[in-house]
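Colleague: The sequence shown begins at 2 in the working numbering and counts up one residue at a time.
One or more of the hints may lead you astray.
Each computed DSSO-like pair below joins lysine-lysine, with the alpha-carbon atoms no more than 30 Å apart [to be verified]: (1) K288 to K834; (2) K374 to K386; (3) K316 to K360; (4) K761 to K807; (5) K407 to K287; (6) K422 to K456; (7) K452 to K386; (8) K386 to K360; (9) K803 to K834; (10) K818 to K316; (11) K287 to K678; (12) K832 to K803; (13) K456 to K374; (14) K452 to K360; (15) K807 to K834; (16) K316 to K386; (17) K316 to K287; (18) K834 to K761; (19) K422 to K374; (20) K360 to K374; (21) K422 to K386; (22) K288 to K803; (23) K422 to K452; (24) K407 to K316; (25) K803 to K761; (26) K761 to K287; (27) K818 to K803; (28) K374 to K452; (29) K287 to K818; (30) K422 to K407; (31) K91 to K807; (32) K360 to K407; (33) K456 to K386; (34) K407 to K374; (35) K407 to K386; (36) K832 to K818.
For each label pair, taking beta carbons as the anchor points, the in silico distance ranges come out as [as the list claims (entries may be wrong)]: (37) N405 to D243: 20 to 30 Å; (38) E745 to D603: 57 to 67 Å; (39) P431 to P816: 15 to 25 Å; (40) P431 to P474: 45 to 55 Å.
Hints in this document: simulated from the structure, not taken from any laboratory.
Beta carbons are placed, not taken as given, at the ideal position from N, Cα and C, and that holds for glycine.
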Amino acid sequence: MLAAMLRLGRTVRCWAFVGAVLCGLATAGPARGDAVTVVCERNAPALVDYAARELQRYLYLRSGELPRLRHRVPNGPAVVLGVKASPILKGLTFDVADLAGESYALVNGPSVESARRSVGASGTETGRYTDTAGTEAGHYGRTLYIVGGSELGVLYGAYRFCEHLGIRFYLHGDVIPDDQTPITLPEIHERRAPLFSLRGIQPFHDFPEGPDWWDGDDYKAIIAQLPKLGMNFFGLHTYPEDRPNAEPTLWIGAQEGIAADGRVRFGYPSSYYTTALNASWGFAPKKTSAYACGGALLFPEDDFGSEIMRGFAPKPNTAEEYLEVFERTGALFREAFTLARSLGIKTCIGTETPLVVPKLVQEHLAGSQVGTKDLYLGMFSRIMKTHPLDYYWLWTPENWTWENVKEETVAQAVQDILAAKAALGEAGEPFALATCGWVLGPQYDRAYLDKILPKDISVSCISRAVGHDPVEPGFATVQGREKWAIPWLEDDPAMTSVQLWAGRMRRDARDALQYGCTGLMGIHWRTHAVAPNVAAVAQAAWDQSGWPTGGDNSANSPQSAPHVPAGDFYLDWARAEFGADIGAEAARILTMVDGRLPRPSDWVTGPGGYRPDPRPWTEVAPEYAFIDEFATLRGSIVGPGNLARFDYWWSQFEFLRATARMRCVWASFNGPYERMKQETETEKKKRIASEEVLPRYVELVEAVQTAYRHLLNAADTTGELGTVCNLEQHLFPGLLEGPRVDLETVFGAPLGELAQLGPKYAGAPRLIVLTKRGSVAPGEPLEVETIVLSAAVPRQAQVFWKPIGKGSFQSIPMPLKARRTYTAELPAVAKDKSGIEYYLETTLESGETLHWPATAPSINQTVIVESFSIEEQQL
């Protein structure tokens, strides 16, 4: 039945059939159970070689046995990878000539025996099939072919086959099933081609939850995950000076301001967010050592930010520092974007339009004849000398989404875009132009830019109402050019809350396809917390067949289109995430709350803020009853990886509930607190403070501690670290710190320990690895870093490593970097292209031993060496 459902020659949606495929792992295959071999031609193209070694390591992770990597098809079972014209595919009985570009086919092909019969047994080699004397007659295993219309198609096909084995991919890392099993090749006949030519992500700068806190390793780790998701686009927006501050993603200036090697000769203050910054989004500066409840242990320095800002917090202050920030940013993008280009990923950066010229640049150029076109030419020249780039996009301002924009304002933007177009021509068209923004065009004609701009400029926009509105219908009238829809994977008003939008992602992808969009990207900040949303939009970019009919509109505003049902999605997702034992019941709960989760956080002077909720908690609590249902599943989970993943989502849901209760307690505190502040008689003020305000303040502190504990239980990426910062520097000044000062003033003495958040961590001890690299460039050392989050002091931290699937583990000590951050370098990765596997171990003074990943030492983190060198790539 499975073979009939996976017919060759059409795009088939296989997520619902993975269970059947996995059953095949235990039943299909050769009678003698020979190990599967991975095959690609000798001197294969770089991405095909990379795909073969990626498949080799994932087969190892899935089975515990390392497959051989060979350059000819063996007698036993094999997975053969090649571009459709590869000699290694000659003799096949199925047609792959129509595969094009990024499309691929996964097909069971003839065995070596049948291939040999088709070419004759003369001993003459045809392709890679040879009649070799002495071969054991009659012993040939099943062969699975992964054939791509291009190198990239082969890579996508390899990752798709991994999904058939139960593996799942996300921005934050991979999910490997706990139950390792011998690999036997299932019956698969599947062809796939993308529905959109560009598919990817648009991480948004400006808040600590997003790429403001990514280091170079974070960029490279996330970019390397994109092909696993079938994605090929990575774009960044850049805020200009005073809106709220110039970001160093792009340098603005004339050509005379850059050296021949791309270094900037003249700079201006630019920055990404650090904890020392007095930000416009309502974040007060604060040293991380003052963070409460153990939050300080997550950060190695007081003024925390990305490596670009290290030593320059809150902002660069000197001319030399201005230049260094741009140099660091350019170097980061040079490595990250070169990796992206090697993996077939298009990169995109840009500025808002009309161009906002920094004040120091204006002063520097005062009296010169430098115009807007000259500035764009300088910016483009610097990009060309610094890092690869495929698209430069110009964003119309955010106020276009809520204001009636005047025609003269639109004309200024158009003039600015045309100036950029002219500059690009003078620069030799090193990349393409696009538009983007909070809307596709002005309110009087959303498709206006299509009517006025050259057709080789792509147009795009994010969805209105922070994604609660459907994809812009104006896309339907845009003709003859590339057009990209960018739904919200999450929204910043509810930044600190978990958001499940799989059904909405499907709706937006369906609408984008119907409008003829050629690109589908998702805007986001966090990575792990939005994993289901990322997976939903990634799948929808390749296949929208077989979706359940009907829809649900209960979670949307009246003008919104219904969500597409997502029960089948969550069934697959929950089984992979938590195991088959609770997968179906977890999926039922998640499907029930998809698009309906409560939203206790909102935009309050900035992202993810909170307001008091005047309702009693007894009225609010039923909104979170699903969490208790979810929690009951924990006792039925089998496997340490399944349990660790469950605990992450359980902690996210409990944090959601705890912040909702915090809001109710806050409201009950505010009444007496306001009466206390308004009372003028000293003794009466003290009585109100002592009898009414202080007890409620203690209750409020306890509610915050509960929420904080759940958040720390979920912290495993920089996104969650950003949420810790959001609580400490955005919420606490108004929620706790101001009232505490007022109470201490009334009492004339500090409050006791019960009335303040303590510094100690009270949760279960954890090992946290924020960045999970899966590959490194040739010669690139691998830096491994872990945070030991525990009340007990660590005695030691070690990393155990060995070549993938070979030999015994060796240990390397991980010296203390600062606070609870330990780090070590593993240069041995570069010695063997097949890579290494490693796990981390920490022993606490309490005697407890911690491991990362949770499945170690049986299933460990693996890292392979890429088939391409950064030094060999051309800008």
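Colleague: Taking the hints in turn, state whether each one holds.
Modeller: Status of the hints after comparison with the structure:
Annotation: proposed proximity of K288 to K834 is violated, straight-line Cα distance about 42 Å (limit 30 Å). For the given pair, K374 sits about 18 Å from K386 by alpha-carbon distance, which is consistent with the 30 Å threshold. Of the pairs offered as hints, the one joining K316 and K360 holds, with about 16 Å between alpha carbons and a cut-off of 30 Å not exceeded. Between K761 and K807, the direct Cα distance comes to roughly 42 Å. Violation of the 30 Å bound is thereby established for this hinted pair.
In summary, the hint linking K407 to K287 is not supported, as the alpha carbons are separated by about 41 Å, beyond the 30 Å threshold. For the given pair, K422 sits about 12 Å from K456 by alpha-carbon distance, which is consistent with the 30 Å threshold. A threshold of 30 Å between alpha carbons decides the hint, and for K452 with K386 the separation of about 33 Å lies outside it, so the pair is violated. Restraint check for K386 and K360: the C-alpha separation of about 25 Å stays at or below 30 Å, so the hint holds.
Annotation: proposed proximity of K803 to K834 holds, straight-line Cα distance about 13 Å (limit 30 Å). Proximity of K818 to K316 is assessed by CA-CA distance (about 24 Å); at most 30 Å being required, the pair is judged to hold. A C-alpha spacing of about 26 Å is found between K287 and K678, which places the hinted pair at or below 30 Å, so the restraint holds. For the given pair, K832 sits about 11 Å from K803 by alpha-carbon distance, which is consistent with the 30 Å threshold.
Annotation: proposed proximity of K456 to K374 holds, straight-line Cα distance about 20 Å (limit 30 Å). This hinted pair does not check out: K452 and K360 have alpha carbons roughly 34 Å apart, beyond 30 Å. Distance check on the hinted pair: K807 and K834 sit about 13 Å apart at the alpha-carbon level, within 30 Å; holds. Distance hint between K316 and K386 is fulfilled; the C-alpha atoms sit about 26 Å from each other, no more than 30 Å.
Pair hint K316 plus K287 holds up; C-alpha atoms about 14 Å apart against a cutoff of 30 Å. Our distance criterion of 30 Å between C-alpha atoms is broken by K834 and K761, whose separation comes to about 44 Å. For the hint pairing K422 with K374, the CA-to-CA distance comes to about 8 Å; that is within 30 Å, so the pair holds. For the proposed pair K360 and K374, the alpha carbon gap of about 18 Å is at most 30 Å, so the pair holds.
At roughly 19 Å between alpha-carbon atoms, K422 and K386 fall within 30 Å of each other, so this suggested pair holds. Of the supplied pair hints, the one linking K288 and K803 is violated, its CA atoms being roughly 39 Å apart against a limit of 30 Å. Between K422 and K452 the alpha-carbon distance is near 16 Å, which keeps this suggested pair within the 30 Å criterion. For the suggested pair K407 and K316, the alpha carbons sit about 35 Å apart, so the restraint of at most 30 Å is broken.
A distance of roughly 36 Å separates the Cα atoms of K803 and K761; the hinted pair therefore is violated under the 30 Å criterion. Proximity of K761 to K287 is assessed by CA-CA distance (about 18 Å); at most 30 Å being required, the pair is judged to hold. Of the supplied pair hints, the one linking K818 and K803 holds, its CA atoms being roughly 24 Å apart against a limit of 30 Å. Using a Cα cut-off of 30 Å, the hinted pair K374 and K452 holds, with the two alpha carbons roughly 22 Å apart.
Proximity of K287 to K818 is assessed by CA-CA distance (about 21 Å); at most 30 Å being required, the pair is judged to hold. For the hint linking K422 to K407, the alpha-carbon distance of about 23 Å falls within 30 Å, and the restraint holds. For the given pair, K91 sits about 33 Å from K807 by alpha-carbon distance, which is inconsistent with the 30 Å threshold. This hinted pair checks out: K360 and K407 have alpha carbons roughly 26 Å apart, not beyond 30 Å.
This hinted pair checks out: K456 and K386 have alpha carbons roughly 27 Å apart, not beyond 30 Å. Restraint check for K407 and K374: satisfied, since their Cα atoms lie roughly 23 Å apart, inside the 30 Å limit. A C-alpha spacing of about 38 Å is found between K407 and K386, which places the hinted pair above 30 Å, so the restraint is violated. With a CA separation close to 26 Å, the supplied pair K832 and K818 stays within the 30 Å bound.
Range check, N405 to D243: about 23 Å between beta-carbon atoms, so the 20 to 30 Å window is met. In this structure, E745 and D603 break the distance hint of 57 to 67 Å, their C-beta atoms being roughly 30 Å apart. A C-beta distance of roughly 43 Å is found between P431 and P816, which places it outside the suggested range of 15 to 25 Å. For P431 and P474, the Cβ-Cβ distance of about 34 Å falls outside the hinted range of 45 to 55 Å, so the restraint is violated.
When the structure is compared with the earlier hints, violations turn up for hints 1, 4, 5, 7, 14, 18, 22, 24, 25, 31, 35, 38, 39 and 40 and for no others.
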